[in-house]
Every structure is written in structure tokens, then in C-alpha cells.
Amino acid sequence: MLQAVALTLVNGRVRDVSIDVRAGEVVGLAGLVGSGKSEIGRAVFGLEPIASGSIVIEGDVVRHPSPRGMLDRGVIYIPPDRREEGLVAMRPVRENMSLAALSLPMFSRLGILRRRLEGRTVRVIAQRLNLRPLNVERQVAYFSGGNQQKVVLGRGLARNVKVFIFDEPTTGVDVGAKVEIYGFMKDLCERGAAVLLISSDLPELLHLSNRSYVMHRGEVRAEFIGTALTEEAVLANFFDRDSDAA
Amino acid sequence: MTTAPMEREATGANRLSDLARSIFSTVGILPILLAIVVFYFASQESRFYGTANLTNVLRQSTYLIIVTLGQALVLISGGFDLSVGAVIAVTSVVSARYMSNHYAANPDSELSSVLVGVGIGLLVGTVFGLVNGIGVARFKVSPFIMTLGMASVGTGFALYYTGGSPVSGMPPLFTREIGTGRWFEIPVPVYAAIVAMILVLFLVGSTSWGRYLYAIGGNTKAAYLSGIPVGVYTASVYVMCSLLAAVAGLLLTARTSSGEPNLGGQYPLESITAAVIGGISLRGGEGRIIGAVLGALFITILTNGMNLIRMESYFQTMAIGVILILAVIFDQLRDRWRV
Numbered sequence: 018m019l020q021a022v023a024l025t026l027v028n029g030r031v032r033d034v035s036i037d038v039r040a041g042e043v044v045g046l047a048g049l050v051g052s053g054k055s056e057i058g059r060a061v062f063g064l065e066p067i068a069s070g071s072i073v074i075e076g077d078v079v080r081h082p083s084p085r086g087m088l089d090r091g092v093i094y095i096p097p098d099r100r101e102e103g104l105v106a107m108r109p110v111r112e113n114m115s116l117a118a119l120s121l122p123m124f125s126r127l128g129i130l131r132r133r134l135e136g137r138t139v140r141v142i143a144q145r146l147n148l149r150p151l152n153v154e155r156q157v158a159y160f161s162g163g164n165q166q167k168v169v170l171g172r173g174l175a176r177n178v179k180v181f182i183f184d185e186p187t188t189g190v191d192v193g194a195k196v197e198i199y200g201f202m203k204d205l206c207e208r209g210a211a212v213l214l215i216s217s218d219l220p221e222l223l224h225l226s227n228r229s230y231v232m233h234r235g236e237v238r239a240e241f242i243g244t245a246l247t248e249e250a251v252l253a254n255f256f257d258r259d260s261d262a263a
Numbered sequence: 011m012t013t014a015p016m017e018r019e020a021t022g023a024n025r026l027s028d029l030a031r032s033i034f035s036t037v038g039i040l041p042i043l044l045a046i047v048v049f050y051f052a053s054q055e056s057r058f059y060g061t062a063n064l065t066n067v068l069r070q071s072t073y074l075i076i077v078t079l080g081q082a083l084v085l086i087s088g089g090f091d092l093s094v095g096a097v098i099a100v101t102s103v104v105s106a107r108y109m110s111n112h113y114a115a116n117p118d119s120e121l122s123s124v125l126v127g128v129g130i131g132l133l134v135g136t137v138f139g140l141v142n143g144i145g146v147a148r149f150k151v152s153p154f155i156m157t158l159g160m161a162s163v164g165t166g167f168a169l170y171y172t173g174g175s176p177v178s179g180m181p182p183l184f185t186r187e188i189g190t191g192r193w194f195e196i197p198v199p200v201y202a203a204i205v206a207m208i209l210v211l212f213l214v215g216s217t218s219w220g221r222y223l224y225a226i227g228g229n230t231k232a233a234y235l236s237g238i239p240v241g242v243y244t245a246s247v248y249v250m251c252s253l254l255a256a257v258a259g260l261l262l263t264a265r266t267s268s269g270e271p272n273l274g275g276q277y278p279l280e281s282i283t284a285a286v287i288g289g290i291s292l293r294g295g296e297g298r299i300i301g302a303v304l305g306a307l308f309i310t311i312l313t314n315g316m317n318l319i320r321m322e323s324y325f326q327t328m329a330i331g332v333i334l335i336l337a338v339i340f341d342q343l344r345d346r347w348r349v
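Residue numbers (my numbering), protein chains in the order written: chain A, 18 to 263; chain B, 11 to 349.
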């Protein structure tokens with residue numbers, strides 16, 4: 018469903034990377050800081066200039082990815098820093114959750130908001146995510162980190178999203194909310210979405226992904242599937258090798 | 011991980027200050043200031059609360075209300091517009107010139123002359139707004155510099171266009187009806203202000219346009235990541251602001267019965283003061299339109315009161331400056347006093 022083919026970024030942090038994520042699976046992207054794993058996710062969404070290579074969504078090559086274009090194609094990127102890039106702090110949950118979907122007929126007609134429908138839809142999403150307290154009129158700044166993250170995730174439910182790119186989805190999130198978010202991700206897969214999980218949290222990555230790529234200095238070093246996906250195997254590829262095979 | 015907040019003693023003084031902080035956070039200092047000002051002027055000068063004066067204040071406030079509405083929109087989107095005064099001046103002279111030329115050529119059709127003038131005036135506003143908008147959105151010029159530069163361009167142009175002297179010769183329909191006329195005892199400009207208010211309240215509260223403005227002002231990156239075409243909406247808000255300033259310019263032109271190149275000089279400062287004191291944050295993404303309207307009313311009442319007690323006009327200018335600084339200080343405090 019999502020493919021990056023020979024992707025190279027202008028800033029050089031990603032070089033000749035090819036990955037793919039299919040419907041119904043969680044694909045992990047592991048690696049140290051600076052390995053390029055986060056940049057791949059951002060590049061797919063149009064946030065990093067691409068030097069060469071292509072992004073393919075459901076078989077269609079996307080020439081110039083942009084957040085708007087990607088959202089229209091059913092792809093969403095959940096940023097790592099929700100305060101910096103994710104939430105409008107002083108606005109209520111309702112407005113934050115519907116932000117990426119306002120142009121859809123469900124939320125507005127000819128530019129005029131359908132507030133009651135919006136309220137109902139957002140409340141259903143908040144319930145599904147177990148937002149606590151379940152008050153969609155409350156400003157997001159007053160929620161805990163875990164619940165704030167749920168609001169950001171909720172954006173992906175307000176529209177028909179088939180490809181989720183999670184970039185460090187549980188930073189600053191308490192254990193209880195983490196478990197709920199993991200459950201949410203698994204649920205997404207079962208319903209047929211493709212999930213790309215970019216994470217520095219190895220246990221999280223190993224727990225959730227069916228298949229994982231390991232990045233090192235901008236390139237894909239390895240790919241592990243199923244039982245081969247172990248902590249030792251992944252860690253071994255985080256660092257420079259002592260001697261490279263000829 | 012949240013850390014437990016430090017415990018404060020639940021003394022009477024602490025409770026009182028917490029209460030005061032929560033009131034200020036939600037409602038701002040405007041109600042208190044308004045009360046102080048009204049009581050003071052009412053005690054100093056009995057004419058203050060007479061119907062003649064109140065109607066006068068109402069009419070006087072309309073121009074600032076309309077400009078402040080536009081300024082509030084730009085502030086909410088995270089920018090600000092220092093060129094509103096220049097828009098008023100250019101609108102005034104250009105529309106007056108076209109109106110009087112048309113009237114001189116067609117003395118029998120006052121209405122068409124008025125329509126020509128109004129149309130030209132709105133066009134001026136649109137062009138100004140587009141230039142500001144494109145500069146800020148496309149060329150990433152800071153709103154401060156862009157609108158400051160355009161303010162200079164506009165003021166210079168207005169003086170150049172008229173050679174420094176006012177433009178006269180407008181049809182009486184314009185100057186009499188709109189300038190000094192009343193419909194059902196209420197001065198005509200008040201209707202314009204009410205229409206403008208309803209329009210802006212609707213845009214902000216019930217349209218995706220308004221919702222996007224708050225998002226762009228509150229967290230531009232988040233707005234961009236949500237697929238909002240930030241540039242387009244940013245530019246559009248400057249157009250809206252200039253259009254509203256142009257409307258105010260037309261109303262003021264009717265009032266003074268001439269196109270004045272020096273019109274509107276105090277509006278940039280006063281509209282920002284009015285908006286900020288009404289709760290619109292300079293940070294962007296916050297504030298309610300109704301607050302901005304009340305802020306504009308407050309400034310007008312203050313100026314009116316100061317005139318009635320015959321305060322020197324230079325002191326009045328100082329007073330407005332102090333109010334602006336106070337308003338911004340409270341805007342910062344409100345951010346810090348939040349839970």
C-alpha cells in the first residue's frame with residue numbers, strides 16, 4: 018500500500034532506501050537517532066525535499082507529496098512532538114480532532130461547519146480511544162500527555178485513512194495510555210490499514226511489528242520478519258560493523 | 011510523567027489571588043477597566059451619560075469597531091496589520107475622487123456616483139489586502155515589515171494622489187445620508203458596524219475559514235500537517251482586514267464630506283489596542299471577536315470621556331499608549347496564569 022522506491026533526500030540523511038508497507042501489517046522502522054528513520058516518514062508525507070526515487074501509494078506514483086495531497090490519498094503522519102507540530106493547545110478536543118478532515122462533507126458543507134455532526138463524530142472517536150476525561154469541549158492543553166496523543170491519533174479516524182505513519186507515538190505517554198494506543202494500532206491493522214511504526218522504543222517495536230527494517234546512517238541495513246525479529250538481531254544492526262564483509 | 015504541583019498554603023490571601031487570577035484568565039481586565047472609566051467620567055461630567063453623548067459615542071465607535079474586527083482576524087491568524095490607517099486614507103481619496111468626478115459628469119444620478127465610489131473603495135481595500143497577503147504568505151515577509159512598508163506606501167500615495175489637499179464634490183446622498191444621517195434615530199454607520207459584526211462573527215464561528223484561522227495562529231505547523239493550505243488562508247485574512255478598513259474609510263469619508271489623505275492615522279495603534287484589550291492575543295490563535303468589539307467600544311468611550319473633561323489631546327495620546335502596554339502585559343500574564 019505504501020512503497021518508497023530508491024528514496025534519496027536532498028539533505029542526504031536518507032540514501033537509496035526502499036521499503037514497503039502492506040495492508041493489515043505493522044512495519045517497524047528501527048535505528049538510532051540520525052539513522053534516517055524519522056526522515057523517511059516525513060519525506061513520504063511531503064515534509065522533506067526528495068532528491069530522487071519515488072513514493073507509491075496503492076500503486077499510484079506520487080510526484081510531489083504534500084500533507085494535503087497525502088491526506089487526500091488516505092495517508093496520515095502522526096508527528097513525534099505533539100506540542101510542536103501536533104496540537105493547537107488552546108482549542109478544544111473537537112477542533113483538534115476534526116482539523117485534518119474539515120473539508121469533508123461530514124464536517125462541513127460549502128465551507129459552513131456542521132457542528133452537531135462534528136460533535137457527535139468526535140465524541141464517538143474519543144470514546145473509541147478512551148479519552149479521559151471524555152469531554153471534547155475541553156482545551157487539549159489540559160489533558161495528560163497520553164490523552165493528548167490520543168487526540169492526535171483521533172485525527173486519523175476522522176477521515177478515511179488507510180496508511181498510518183507513526184513517528185515515536187508514545188513519547189511522554191504514561192503506561193496505561195501506551196497500552197491503549199498499542200491496542201488501537203493493532204485494531205487499525207485488523208481493519209485493513211497499513212501501519213508504519215517509526216520508533217526508538219525497541220520493546221515497543223518488537224511487540225507491535227510483524228516486520229521491521231533497521232536503518233543505519235541513512236540506509237536500510239536489514240529487514241527482519243517474524244521469528245527472526247529479535248532484540249539482538251535488531252541491535253546488532255544499529256552500529257557500525259567492526260569488519261565489513263567484502 | 012506529571013510531577014505533583016508544589017503545595018501552596020491555603021491562606022485567605024492565596025485563595026483571593028487564585029480567584030483573581032482565574033477571573034482575569036477568562037474575562038481579562040476589560041470589565042474592570044470599563045467600570046473604572048465609566049464611573050470616573052460619569053462622576054466628573056454629567057453630560058457623559060446624556061442621550062446626546064451616548065448616541066455620539068455609539069456612532070464614533072463604529073469606525074474603530076469595523077477596523078478592529080479586521081485587525082482581530084489578522085491577530086488571530088498570528089499576524090497583524092499596521093497598514094489599516096493607510097488603507098483608510100487611500101480609500102478615502104481615491105473613492106472621493108472617482109465619486110466626485112462621476113457626480114460632476116452626471117449630476118442627476120447621485121446613487122450611481124455613490125456606487126462607483128463605494129465600488130472603487132472596496133477595490134482599493136482588496137488590492138491592498140492582496141499585496142499584504144501575498145507578501146506575508148508567498149514571500150514570507152514578516153507581517154510587521156510587510157504592513158509597515160505598505161502603510162508607508164499608502165500614506166505617501168494618498169498625499170501624492172491629492173497633492174496634499176482634500177477631495178471635495180461628493181454627492182449629498184453620500185455625505186448627508188451616510189455621513190450624518192439617521193435611520194430610525196440610529197446613525198447610519200451603526201448599521202454598517204452591526205452588519206460587519208454579524209458577518210465576522212459568522213465567519214469565525216460557523217465556517218471552516220474561521221476554524222483554520224485559529225489553527226494557523228495557534229500552531230501553524232500543526233495546521234500545515236493537517237493539510238490546511240496555510241498560505242491561501244493567511245493571505246485571505248489580510249484581504250478581509252483591508253476590506254473592512256476600506257469600509258471604515260468610506261464611512262469616515264462620508265462623515266468628513268471629503269477625501270482626506272491624512273485620514274485614519276490613529277487606527278493601526280487603536281485597533282490593535284482595542285483587540286488586545288478585548289482578549290485577542292498577540293501570540294495568535296486566541297481571543298473572541300466579541301471581546302475585540304468591546305475593546306473598541308472601550309477605547310471610544312475613553313476618548314470621548316477624555317474629550318468631555320477637556321483633557322489635552324496630547325495626554326490622550328499618551329493614555330492610549332499606556333493602555334496598549336497594559337493590555338499586552340495582561341495578555342502575557344494571562345498566558346502564565348493559566349492552569
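Honestly, I wouldn't trust all of these hints.
Claimed, not checked - Heads up, simulated SDA-like pairs for lysine to any residue below, C-alpha to C-alpha not over 25 Å straight-line:
id, chain 1, residue 1, chain 2, residue 2
1, A, Lys203, A, Arg145
2, B, Lys150, A, Arg85
3, B, Lys231, A, Glu207
Don't read these hints as lab results, they were simulated from the structure.
Do the hints match the structure? See the list:
no.: 1; hint: Lys203(A) <-> Arg145(A); verdict: holds (13 Å)
no.: 2; hint: Lys150(B) <-> Arg85(A); verdict: holds (20 Å)
no.: 3; hint: Lys231(B) <-> Glu207(A); verdict: violated (31 Å)
The structure fails to meet hint 3 from the earlier list, while all remaining hints are met.
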